Amino acid sequence: MRGRLLLLAPAWGWLLLFVAAPAAILAAIALAESDPGVPPFRLALSATGFATLTEDTYYLDALLTALRVAATTAALCLLIAYPMAMGIARAAPRRRVILLALLMLPFWTGFLLRVGAWIGLLRDEGWINGMLQAAGLTDAPLTLLYTEGAMIAGMVHAYLPFAVLPLFAAFLRLDPSLGEAAADLGARPAIAFLTVTLPVTAPAAAAAFLLVFIPAAGEYVIPELMGPPEAQLVGRVLWQEFFQNRDWPVAAALALALLVLLLVPIRLFQRLEART
Amino acid sequence: MSHHRLVKAAMVAGFAFLWLPILLLVIYAFSADRIPFQWGGFSLRWFQALAANERLVESALLSLRVAAGAATLAVLLGGAAGWALARFGPFRGRALFGALIGAPLVLPEVVTGLSLLLLFVALDALTGWPAGRGATTVLLAHATLGAAFVAVVVQARLAESDRSLEEAAMDLGATPFTAFRTVTLPLIAPALAAGWLLAFTLSLDDVVIASFVSGPAGTTLPMALFSMLRLGLTPEVNALGAVVVIAVGGMLALAALLLRPRRG
Numbered sequence: 000m001r002g003r004l005l006l007l008a009p010a011w012g013w014l015l016l017f018v019a020a021p022a023a024i025l026a027a028i029a030l031a032e033s034d035p036g037v038p039p040f041r042l043a044l045s046a047t048g049f050a051t052l053t054e055d056t057y058y059l060d061a062l063l064t065a066l067r068v069a070a071t072t073a074a075l076c077l078l079i080a081y082p083m084a085m086g087i088a089r090a091a092p093r094r095r096v097i098l099l100a101l102l103m104l105p106f107w108t109g110f111l112l113r114v115g116a117w118i119g120l121l122r123d124e125g126w127i128n129g130m131l132q133a134a135g136l137t138d139a140p141l142t143l144l145y146t147e148g149a150m151i152a153g154m155v156h157a158y159l160p161f162a163v164l165p166l167f168a169a170f171l172r173l174d175p176s177l178g179e180a181a182a183d184l185g186a187r188p189a190i191a192f193l194t195v196t197l198p199v200t201a202p203a204a205a206a207a208f209l210l211v212f213i214p215a216a217g218e219y220v221i222p223e224l225m226g227p228p229e230a231q232l233v234g235r236v237l238w239q240e241f242f243q244n245r246d247w248p249v250a251a252a253l254a255l256a257l258l259v260l261l262l263v264p265i266r267l268f269q270r271l272e273a274r275t
Numbered sequence: 000m001s002h003h004r005l006v007k008a009a010m011v012a013g014f015a016f017l018w019l020p021i022l023l024l025v026i027y028a029f030s031a032d033r034i035p036f037q038w039g040g041f042s043l044r045w046f047q048a049l050a051a052n053e054r055l056v057e058s059a060l061l062s063l064r065v066a067a068g069a070a071t072l073a074v075l076l077g078g079a080a081g082w083a084l085a086r087f088g089p090f091r092g093r094a095l096f097g098a099l100i101g102a103p104l105v106l107p108e109v110v111t112g113l114s115l116l117l118l119f120v121a122l123d124a125l126t127g128w129p130a131g132r133g134a135t136t137v138l139l140a141h142a143t144l145g146a147a148f149v150a151v152v153v154q155a156r157l158a159e160s161d162r163s164l165e166e167a168a169m170d171l172g173a174t175p176f177t178a179f180r181t182v183t184l185p186l187i188a189p190a191l192a193a194g195w196l197l198a199f200t201l202s203l204d205d206v207v208i209a210s211f212v213s214g215p216a217g218t219t220l221p222m223a224l225f226s227m228l229r230l231g232l233t234p235e236v237n238a239l240g241a242v243v244v245i246a247v248g249g250m251l252a253l254a255a256l257l258l259r260p261r262r263g
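Chains as they are written, first to last, in numbering that gives the first Met the number 0: chain L, 0 to 275; chain A, 0 to 263.
Do not rely on the hints blindly, as some may be mistaken.
[To be verified] Chain L regions said to be covered by chain A (calculated; three or more residues, Cβ under 8 Å):
1. 11-18
2. 95-109
3. 257-266
Keep in mind the hints are simulated off the structure, nothing from the lab. If you're wondering where the values come from, they're calculated on a predicted model, not measured in any experiment. Cβ atoms here follow ideal geometry from the backbone N, Cα and C, with glycine treated the same way.
Same shape as in the complex, but just chain A (with noise of 0.2 Å):
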């Protein structure tokens, strides 16, 4: 079956041109050279640069702050949407709703920067809050985006499973609050982690919308990190991308060794 063969090939070029420069991204951190890219003999005095440079630590401790705050939020209100998107049926204002919620999904970044920066000028003009910009309003835009996929998420999550469970329970008298915690809540529960973690990392990710939206006091890391590749790239955009690289793929490898079925 040649063609099978020829689909396998193109695939194994695809996963290279994914994986190539990223590897080759680690394996350089790992260079004493002090141009980027090229081997030097083993050392790790890059990593020991990157941990001495209290402008990128500051700002990836405050990107790490303010994703988590931007997930958790994106959570309560993207979950709230989705669950009332799936199961509350034609409510007045619907369409305006979904819309509204799903709106940062397909807007450009350089539109959704503009426009919140532009809202947060405008409020802080009319009412003094919030009060300049940094990292409060990077936080409210990244939980206003991650909100809208949560939303889908958990629609898409809901959507699968039958509404009759809840009314089932409210049947055999449950309190719509019970029913909620007892039923809706495990359900969507893997759908909201999974929000949570989508979420988290759009926000650690986003350079656009925060450099649009913060301040001189909010600088978050991709912002230190567009800055420093502007100016050019140093050895410790390596040695960042080999923590990075390591740290996700190690979460990822004992997530599975965790979620492995058991047999026996």
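Next up, chain L with everything else stripped away, as it sits in the complex (with noise of 0.2 Å):
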């Protein structure tokens, strides 16, 4: 027995130096001091870092405009994923295995790569705008690129199979003889899911929308990429601030900031999951 534990040292080494070392300096510098030198901060005990998240509506803007937007790509997703698991599941087994790799297919060709297709699609100069204008139903190109829209549209995209797979499990794991006995029992198909599928897989879609939500609420690249320049999502914000502004006391607060409005979405997360 002590043998193996022995065999855990550097699994414990890795994790204190990488995991646990550096969510202690980030804490230490969130209250650090900035400082024009090299490296950008002094340590102190002085929080300023936390008192310009406080100061300006900027900051709370930024983490308030993250959260919706991550709400509203999780719902999306949702809404788009729940039919997708019910179908693949309910496919033959042959089949099914067609459409998994056709869910996950699109992850493993680049996260940037679908942004880039995107960026294609809604380009004033690109596809739809060129199908638009060919079919003689707009003159000027719309301004679909650079919007909110586009911002989620990308978002749902990325996320998407992320959502399908847990609700694809709880189908799986769906007895099809609850709904046989509710049929049975005279209940139509809408009663019959309404009071029994719907219920049965509510927490697989609670997973599903944190599992999307908890990602997105740091989202970075796609509001970066796709997104409104006064789209000020908190990952854009804590981004300007350590690169172009090298403030580093208040890109780290933020960072805490977000944590700790994640903290509860991560822990329900982590409950729905040793549920399931």
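Dock chain one against chain two, each of which comes alone in its own frame, and use the hints as you go.
So this is what it looks like as structure tokens:
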């Protein structure tokens, strides 16, 4: 037993160095003072970073906008993923494998390439505007890219497979005899769905929502490449504070604020995971 | 059964939403037009342009090396961690260990990236290692991220099977090492392979963490693509998309062919 625990020493060392220590340093720098030197902070117990966050509604707005966009993205993903998962789970086993491959293949083709595809569709001289003008429906290009709609479409596209997987697992576990029993007892399909299928799959639906919501809340790339310039989500603001303004304490404080806001969704997600 | 048809229609619509942008990206890779997503006749010129783009080719090679290294480290670390969490019982510090290995799964990328960069800056200042930032720091960050995923996959695989298998081997006189090699390792081998592939993909796909922890000498493919997309789309992005989709689809088809259940 002692020998086996010794085997864990490298893993312990790695985790303490690359997970625990960075968290501690992040907290220390969030409490430090900004300084024009290199590195641009002076260790102190000053909390000026946190004070900056509360002085200006800019940062609070960034956090709230990010949560709103993440919630919208997660809700749309859930709406699209739910029937997809149901359809995949109901398919014959051979076809199911193909559908699952079609679901995961976009994930393997690279996130940025998919964002590039959306930019190509939505730009002023992009595919959709080209088609609209060729069909004589519009004279001038519509502004589609760099809008909130474009940003959300891109995020839904990026996160959709993650929402389908937990729902698919739940539908696979769903005992078909439950629905049949409801039907035998005279329940119409809609009633059987509302009273049997929906309650049984609700925990998986909540897990799917959170699985999208948690990473989407810190999203940086899609708002930057597809969103309007005024969509200052927390991921983007954190990036600018760190790289452009070189205000490390504010960036670290913002990271901690985001973490605190996500603590409840994360705990909820872990409990749902443990249940299923 | 009309509701079955409704579910099917919604599923097809979902797949169309998922695939239409990707299919168009691939189709227009073969267009001669200088403007992406406009048809100007069939041509392979953008594939030639892609192959001649040294910055992209170099960053792709760097990304493949970093991803392979990170995935291998992730399998060693995550494999050991998943094994310990599934089989070692309530060892001292187990709750902390589980929280630390799982943390990268739930932390937003910007938080992981920022905190790891701050660590590398502090380490460099205190010990001189890692000197500067680049491919090495990206590899270390990606290994940490990948290990979290490998641990989950391995732990789930071991949870499915009975620990009495290893105990039986040891009762029959196998040393713990032999029991591990002949029983546990074959049991978790598929999970290790799947975990390696997952860690490899995550590394190849990551732009946020890499942008934080890398330096001027370590531009990965996603970082190069990101700066290209910031300036505007070029048809080379279409060509790269076509190469990736065809390569991944081909590998998947090959795997399906090899793993096809044989009849007769």
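These are the hints, each one checked on the structure:
| no. | hint | in the structure |
| --- | --- | --- |
| 1 | 11-18 | holds (count 7) |
| 2 | 95-109 | holds (count 11) |
| 3 | 257-266 | holds (count 4) |
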